[in-house]
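Letter by letter, the chains look like this.
2 protein chains.
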Amino acid sequence: MSKNVHDAAYNLENALRESDDFKELQSLYDQVNADESTKNMFDNFRNLQVELQQKQMQGQQITEEEAQQAQQTFELVQQNEVISKLMNAEQRVSQLIQDINKIVTKPLEELYGNPEDPQQ
Amino acid sequence: MSKNVHDAAYNLENALRESDDFKELQSLYDQVNADESTKNMFDNFRNLQVELQQKQMQGQQITEEEAQQAQQTFELVQQNEVISKLMNAEQRVSQLIQDINKIVTKPLEELYGNPEDPQQ
Ligand SMILES: [Ca+2]
Ligand SMILES: [Ca+2]
Numbered sequence: 001m002s003k004n005v006h007d008a009a010y011n012l013e014n015a016l017r018e019s020d021d022f023k024e025l026q027s028l029y030d031q032v033n034a035d036e037s038t039k040n041m042f043d044n045f046r047n048l049q050v051e052l053q054q055k056q057m058q059g060q061q062i063t064e065e066e067a068q069q070a071q072q073t074f075e076l077v078q079q080n081e082v083i084s085k086l087m088n089a090e091q092r093v094s095q096l097i098q099d100i101n102k103i104v105t106k107p108l109e110e111l112y113g114n115p116e117d118p119q120q
Numbered sequence: 001m002s003k004n005v006h007d008a009a010y011n012l013e014n015a016l017r018e019s020d021d022f023k024e025l026q027s028l029y030d031q032v033n034a035d036e037s038t039k040n041m042f043d044n045f046r047n048l049q050v051e052l053q054q055k056q057m058q059g060q061q062i063t064e065e066e067a068q069q070a071q072q073t074f075e076l077v078q079q080n081e082v083i084s085k086l087m088n089a090e091q092r093v094s095q096l097i098q099d100i101n102k103i104v105t106k107p108l109e110e111l112y113g114n115p116e117d118p119q120q
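Going line by line, the protein sequences match chains A and B.
Going by UniProt numbering, the first sequence opens with residue 1, and the numbers climb by one from there.
Going by UniProt numbering, the second sequence opens with residue 1, and the numbers climb by one from there.
Just chain A, same shape as in the assembly (with noise of 0.2 Å):
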């Protein structure tokens, strides 16, 4: 990797690390946690979902009693208002990552006509 590139590179993650969204964050995970019923309850229901996914992803169907499952848990853990706080947090992280992403990989989409990685 060039030295621009590093560097360029290094102070993205700082200023990523800096920002209001993801300070907003870290605050909202570190309150999670800190709180042992909170915990447990995020917990669980993040773990239904990576269950959920990784069976989507490996082409399996989600049974009807699955997806109702999930939206009752995730109902459930909604109405805990640090969560609830924290999953927004986590949605506007995700989202700035992606216009990162599509600012970053900009002379890739202008050369190939698309915003993919050229090797997928």
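Identical chains blur together in the list; that is why a pair holds if it fits in one copy or across any two.
Quick list of in silico lysine to aspartate or glutamate cross-link-like pairs, EDC-like style, CA-CA up to 16 Å:
(1) K85 x E75
(2) K85 x D35
(3) K55 x E66
(4) K23 x E110
(5) K55 x E65
(6) K23 x E13
(7) K23 x E90
(8) K3 x D20
Hints in this document: simulated from the structure, not taken from any laboratory.
No experiment lies behind these values; they were computed from the predicted model shown.
Position chain B with the ligands against the provided structure of chain A, taking the given hints into account.
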């Protein structure tokens, strides 16, 4: 997006665009596209690749015949010097983008203990 993050992302985009790896990729891509028979050979190979990857992503089995056809097409296009150089340049830029992503998403990795997007 905060001004700092925005500016840092644009700086990185520019550094990537000005890097030797990217400039070489661009030059080789232009060379491949400038010659019709080379372009056709490359397009056919790329389309075959995309087709097989879509099948895999949809959880479909790649047949032995398809795998053999892909391997033969790969060996054929590799014998074209410009295409072979282009594919090597693509791999270097792809690796560069992966290295950049690893740096930029380090704050998230530290927060969650893994490098994945928190929403995924
Ligand atoms: Ca409690
Ligand atoms: Ca020719």
